[in-house]
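Taken in sequence, the protein lines are chains C and X. Its first residue numbered 1, the first sequence is counted upward by one per residue in this note's numbering. Its first residue numbered 1, the second sequence is counted upward by one per residue in this note's numbering.
What the hints contain is simulated information worked out from the structure, not anything from laboratory work. Treat the hints with care, since some could be wrong.
[To be verified] Straight-line Cα separation of at most 27 angstroms, DSSO-like style, residue types lysine-lysine; simulated pairs: (1) 68/C with 83/X; (2) 57/X with 42/X; (3) 42/C with 42/X; (4) 42/X with 83/X; (5) 56/C with 68/C; (6) 83/X with 57/X; (7) 42/X with 68/C; (8) 83/X with 42/C; (9) 78/X with 57/X; (10) 71/C with 57/X; (11) 56/C with 71/C; (12) 42/X with 71/C; (13) 42/X with 78/X; (14) 57/X with 42/C; (15) 56/C with 42/X.
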Amino acid sequence: GESVGLHLPTLSVQEGDNSIINCAYSNSASDYFIWYKQESGKGPQFIIDIRSNMDKRQGQRVTVLLNKTVKHLSLQIAATQPGDSAVYFCAEGRGTPLVFGKGTRLSVIA
Amino acid sequence: EPEVTQTPSHQVTQMGQEVILRCVPISNHLYFYWYRQILGQKVEFLVSFYNNEISEKSEIFDDQFSVERPDGSNFTLKIRSTKLEDSAMYFCASSPGPGGQQYFGPGTRLTVT
Numbered sequence: 001g002e003s004v005g006l007h008l009p010t011l012s013v014q015e016g017d018n019s020i021i022n023c024a025y026s027n028s029a030s031d032y033f034i035w036y037k038q039e040s041g042k043g044p045q046f047i048i049d050i051r052s053n054m055d056k057r058q059g060q061r062v063t064v065l066l067n068k069t070v071k072h073l074s075l076q077i078a079a080t081q082p083g084d085s086a087v088y089f090c091a092e093g094r095g096t097p098l099v100f101g102k103g104t105r106l107s108v109i110a
Numbered sequence: 001e002p003e004v005t006q007t008p009s010h011q012v013t014q015m016g017q018e019v020i021l022r023c024v025p026i027s028n029h030l031y032f033y034w035y036r037q038i039l040g041q042k043v044e045f046l047v048s049f050y051n052n053e054i055s056e057k058s059e060i061f062d063d064q065f066s067v068e069r070p071d072g073s074n075f076t077l078k079i080r081s082t083k084l085e086d087s088a089m090y091f092c093a094s095s096p097g098p099g100g101q102q103y104f105g106p107g108t109r110l111t112v113t
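Based on the provided sequences and hints, a complete structural model is requested.
Structure follows, in structure tokens:
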């Protein structure tokens with residue numbers, strides 16, 4: 001989801017459950033999409049990416065789904081762990097600059 | 001694993017002063033970027049740099065900003081006369097090619113007083 005001002009949407013999940021974080025992107029011409037994880041005081045850390053010629057890509061415990069029809073991107077995290085607690089940003093790009101969404105805070109309840 | 005490094009981690013400066021933020025991109029990468037993140041906000045693109053020149057810049061990157069690759073390893077962002085609203089985290093990133101994954105550094109927190 002998108003946020004307004006300083007208030008990030010927060011997703012709280014129980015440890016071991018699956019998490020789904022959603023993102024709406026803006027540019028229908030974007031051909032590259034990426035999810036980053038950002039822990040407090042650190043830089044964005046790559047999680048997974050996907051190009052527009054695909055609609056699904058899987059990594060280790062993570063899956064990204066792309067729906068170009070409605071310009072929607074989602075990140076699924078399987079068996080969420082306390083170390084997954086962070087702010088998650090989606091970003092879109094066509095060429096060089098990445099355009100970031102405002103982020104979703106994932107809070108894992110042990 | 002190679003990583004992007006940035007110095008300093010925190011810079012405090014007075015309004016009107018010049019600051020230089022430093023970055024060492026990953027050694028075999030050819031594209032370099034600066035982004036900034038105001039506290040609690042999203043990450044915003046400032047500038048991209050390739051082949052010793054700016055390839056793209058955003059509206060934020062006005063005449064007060066400049067970038068330089070002074071040698072084969074460093075990539076710097078200079079703000080000539082800082083304003084209060086320049087207070088933010090500044091992230092350097094690099095990538096091997098023009099599209100695809102960008103690798104981010106840990107950031108420099110700039111505080112303008």
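These are the hints, each one checked on the structure:
no. : hint           : result
1   : 68/C with 83/X : 40 angstroms, violated
2   : 57/X with 42/X : 17 angstroms, holds
3   : 42/C with 42/X : 14 angstroms, holds
4   : 42/X with 83/X : 20 angstroms, holds
5   : 56/C with 68/C : 11 angstroms, holds
6   : 83/X with 57/X : 19 angstroms, holds
7   : 42/X with 68/C : 22 angstroms, holds
8   : 83/X with 42/C : 24 angstroms, holds
9   : 78/X with 57/X : 14 angstroms, holds
10  : 71/C with 57/X : 25 angstroms, holds
11  : 56/C with 71/C : 14 angstroms, holds
12  : 42/X with 71/C : 19 angstroms, holds
13  : 42/X with 78/X : 21 angstroms, holds
14  : 57/X with 42/C : 24 angstroms, holds
15  : 56/C with 42/X : 25 angstroms, holds
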